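Chemist: Assemble chains B and C onto chain A, guided by the hints.
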Amino acid sequence: MKSKLRTVAMLAVVLLALILLTAVGGNYYAHLLALVFTNVILAASLRLSLMCGQLNIGHSAFMSVGAYTSALLAKNLGVPFELALLSGAALAMIVGVAMGYPSLRLRGVYFAMVTVAFVEAIRLIVQIWVSLTRGMSGLSGIPKPSLLGMVLVTKPDQCYLALGLMVVTLLILYKLEYSRLGLIWKSIGMADNLALSLGVNVAAYKLLAFALGCFFAGVAGAFYAHFVRFLFPPTFDFLMATNILVYNYVGGRGHFWGPIVGAAFLSWLPEIFRGSEATRQYETIFFSITMLLTILFLPGGLITLPGKLTDLCRRRTEGVSSPSSAVVLPGQRVAVHGNPEG
Amino acid sequence: MTFALLIQSMVIGLSLGSTYILMALGLTLMFGMMHIINFAHGAVYMLGAFVIYYVFAQWGAAYWIAFFLAMLLLGAFGFVIERCIYRPIKGGVEPTLVALIALTTFLQAMGYPVFGTLDKHVPTVFHGMYSILGVGISAERLMIIPVAGVLVLGLYLFINKTKMGAAMRAIEQDKEAAALQGVNVHVVNALAFGVGFALAAASGALMAPIFKLDPMMGEQPLLKAFIIIILGGLGSIPGAILGGLILGQIDSIVATVMGLEPAFLLSFVFIILLLLFKPTGLFGHEV
Amino acid sequence: MPLLEAQNLTKYFGGLAAVNRVDLAVEEGEIVGLIGPNGAGKTTCFNLLSGFLPPTAGTITFHGQPVTGLKPHHIVARGLVRTFQHTTLFQDMTVLQNVLMGLHLHSQRGLGQVLCSRRSFPQHEIDRCYAVLAFTGLVELADQLAKSLPHGHQRTLGIAMALAVRPRLLMLDEPVTGMNLDESLRVMQLVKTIRDRGTTILLVEHNMKAVMGTCERVVVLNFGQKLAEGTPAAVSSNPDVIAAYLGTGVTHA
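Chains as they are written, first to last, in our numbering: chain A, 4 to 345; chain B, 13 to 299; chain C, 35 to 287.
Calculated directly from the structure, the hints in this document are not laboratory data. Note that the structure is a prediction, hence the values are computed from the model and not measured. We put the beta carbon where it would ideally sit given N, CA and C, even for glycine. Hints may contain errors.
Said to hold, decoys possible - Cross-link-like lysine-lysine pairs, in silico, DSSO-like; alpha carbons within 27 angstroms at most:
no., chain 1, residue 1, chain 2, residue 2
1, B, Lys187, B, Lys175
2, B, Lys102, C, Lys105
3, A, Lys311, B, Lys173
4, B, Lys224, B, Lys132
5, B, Lys187, B, Lys173
6, A, Lys158, A, Lys78
7, C, Lys105, B, Lys187
8, C, Lys181, B, Lys290
9, C, Lys181, A, Lys311
Claimed, not checked - A few chain B positions that, by computed beta-carbon distances, are all more than 10 angstroms from chain A:
no., residue
10, Ile19
11, Phe43
12, His47
13, Tyr66
14, Val110
15, Lys132
16, Pro158
17, Lys175
18, Ala178
19, Asp186
20, Leu235
21, Ile242
22, Ile265
23, Pro274
24, Phe280
Excised from the complex, chain A in its bound form:
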C-alpha cells in the first residue's frame, strides 16, 4: 500500500509539473509538449500489440486514418471536435480490425512485413485520393480543437487537451495491462501455443489488442490534425511507424512505463540540439545513436537503467548482486513481476 501511494504521489507531482510547464512555457514549449504527449499516446498504444508478441510496424497508418477522418469531418461537415475525434478513432479501429483480422495468424517477420505494406498502402491511397484529401498538396484549414463548443485558441490550451487525452489513454491502458486481460495478452506474447492449449482464443485476443491500439493511434492522429492544422500524406509513413516502435524498444519493452519513458526521452532530448541552425541537423543523428547504444548496451530499455544502477551501487557496497524480482508470499496479492528483460 505504501509503495502504491508513493507512486501515485510521484505521478501527481509529474502531472503538476507538466501543467506548470505548459502554463509558463509559452507557445514554443506548449507546441513541443503537445507533440510529446501525442508520441506517448502512440507509443503506449503500440505496446498492446507488442505485448502479444506481434511486431507491429504499422501504427502510423492508423494515425493517418484518424487524422484525415477527423480533419475532413470537422472541416467539410462542421462536425464538432469531440465527435470528429471519436469518429476518427473509431474508423481507425474499424480499418484496424479489417486489416488485422486476416493478418493476425501471420507470425514474426511476415506479420511485420504486412504492417509495413499497410502503412505504404494507406499512405498511397491518401495521396491518390486527391479529391478527398488534397493529396500531396496537403490538407490545410483544419479547425482548431474545441471542447463543449469553446474553441481552444491558444497553444497552451491545446496542450492541456493533449495532456488530458494522454492521461485518459494511459489510465485506460494501465487498467487493461494490469487486469486479467493484460495477463492473457502477456501469456500470448510469451508462448501463444501454450495459451492456445489452455483454451485461450488467441486470435480473438490478438485482434482485440491490435484494434485497441489502432483506436488510440486514431485518437493521437485526430488530435495531431487539429493541432498542427495541416496534413501531408508522407508524414504518416514507414519512418514514423518505425519511430513509434523505437520508442517502445528504447524505453523498455517489458514494462508499462517503457514506451512512455522512450517517447518522452526521444521526443524531448533532441531539443538540446535545437539551439542553433548548425546543431539542428544533429538532432536525428543523436536520436539514432541513442537508439543504437540503448539496444546494444541496455537491451531491457531505459527503464532498466535505475535498476542496473542500483545493482551496480549495491554490488560496490555489498560485494554481491541483489536477488531479482521480489518474492511475494503465498496468499498475498498476485502481481506480475515480469523480468524487464523479457
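Modeler: Frame of chain A; chains B and C shown alone:
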C-alpha cells in the same frame, strides 16, 4: 499504349528490374541465413550512389574503379556491421531489426551534414541512345542489364561452386548442424552481410547517374526490395530474381498506364494479399 | 463408446505421410500409451487430435461429438487438453500465474476480465491453483519464476497447468523426458493418481519403463502407421515392434 511504347516500357522495366534484383538478392540472402530483414539496405544503396558521386564525379576516377570501390567499401562496412551490431545483440530478431532501423536513421541523418543539402547529380557515364525495334533507350539504362547480369551470375557461382557458398547454404538449411560440421557461423554471416551490402551498393552505383542523389534516396528501393522478397519467397534467391523481374515490369508498364503512385499501391495491395494467402511467395520454404 | 476416437487419421506434409490411416480409440478411465521410434508420428498425432494441425483425412470424435478441424481452443473447451514435448511455460511469470492461466476457461470472462485487477483475483481461483500445486508437489515454488525452475519441476508444472483446465482426457507428450529415475517414478505415480481421480490419459513416452509400468494399453506407431496394439506385455514381445525399434539388420541401398 502503342507497341513501341510497350517495348520501351518492357526494356526499361528490365533495366529497373535489374537494379531491384541486386537489392533484393542481398536482402533475401541475409534473411535466409540470419532470419533478419535488413532495414539498413536502403541506406547502403544510398551510400553506394554517393561513393560514385565522390570518386567518379568529383574526384575524376574511372567509373568502373568507382563502382568496384563502392562495392568493396560497403562490403567491408557489412563486415563491420555484422561484428558491431548483429553479433552483440542477444534477444533475437526484433532488437536486431530495431538496431538496423536505428542504423538507417543514423546514416540518413549523417547524409545531410556530410554531403550537404544541395542537389547532386552524377553525370552520364554511358552516352548515347540505342534503338530497339524503333524505340530509343538510353545507353545508361541499358548498361545496367548486363552489369547486373554479371553480378547475379557471380553470386550464383559463389553460392553454388565455392566452399563459402556451400557453407552459406548449409547455414540457411540448419544453423546448428552446420556449426557442428565445423562451419564458422560468425564468419559466414559476416560474409552474407558483406555480399548483401556490396550488391546493394552496386545497385545504388548503377542508378547514380539516373536519379538525383539525396540521403533519403534509398527508402523507395528498400520498399521495392521488400515487395520482391515477399513475392519471391523470403530466403529464396531464384525468387528474388524472378520477383525483381516481375516488379520491374509492373513498375514500368503499369506506371506508364496508371501513374507511379497507383502502380506502387497496386504492388502493395498485391503483397498484402500474397502474405495473407501464400506467405511463402513463389519459391519460399514453408515456415 | 470410446471417449476419444480417431478413424483413418492421416496427415501429409508435401508427399510424406507423417500419419497414415491411424485408428485410435481411448476408453474413459484408461491410461493408453502411444509409442514408437523417433519420427513415427506420435507428436503429429497429438497435434492432429488437439487441433493444432488440420488432418489431411480422417475423423476425430471426442465424447461423442465430432471435433475434426476445430480450432485448438474449442477442443480444449470440450475437455481434451494436451501438453507439449518441449518444455513450454510462461517463463517470465510465476508458477502460480502459470497455473492461473490454466483456469482461463473457468474464470470470469468478458467485462469481468477487464475489471478484474490482477492484484485481487477471486479467492476461489487462487485456492484452486494452490490445490493443483499441492497435488503436483509444487506448492513451495508458487512464487518463483517459471524459468528459474529445474527441468523436472518445469515439466511437472506443464502437467499442473493442464490439470487446472479440468480435462476429461489429458494427452501428455513425453512427460518424463529428461528426468532421472526418482523424478520419473514420481511423475508416473502422479499420472496414475490423476487417472484414479477421473481423468483419462493418453501419453507419448520414450521411457519404456514408465510406459510399461503405467499404461494398461499401448499403441505402437512406426512410419506414421499403426504397427501394433495391446497390453504392454503383448506389445513388447511382438516381433514387429522389436524389429521397428532395433532394426532388422538389413542394409539399405
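Chemist: Which hint numbers does the structure go against, in order from smallest to largest?
Modeler: 2, 3, 7, 8, 11, 12, 14, 20, 21, 23 and 24
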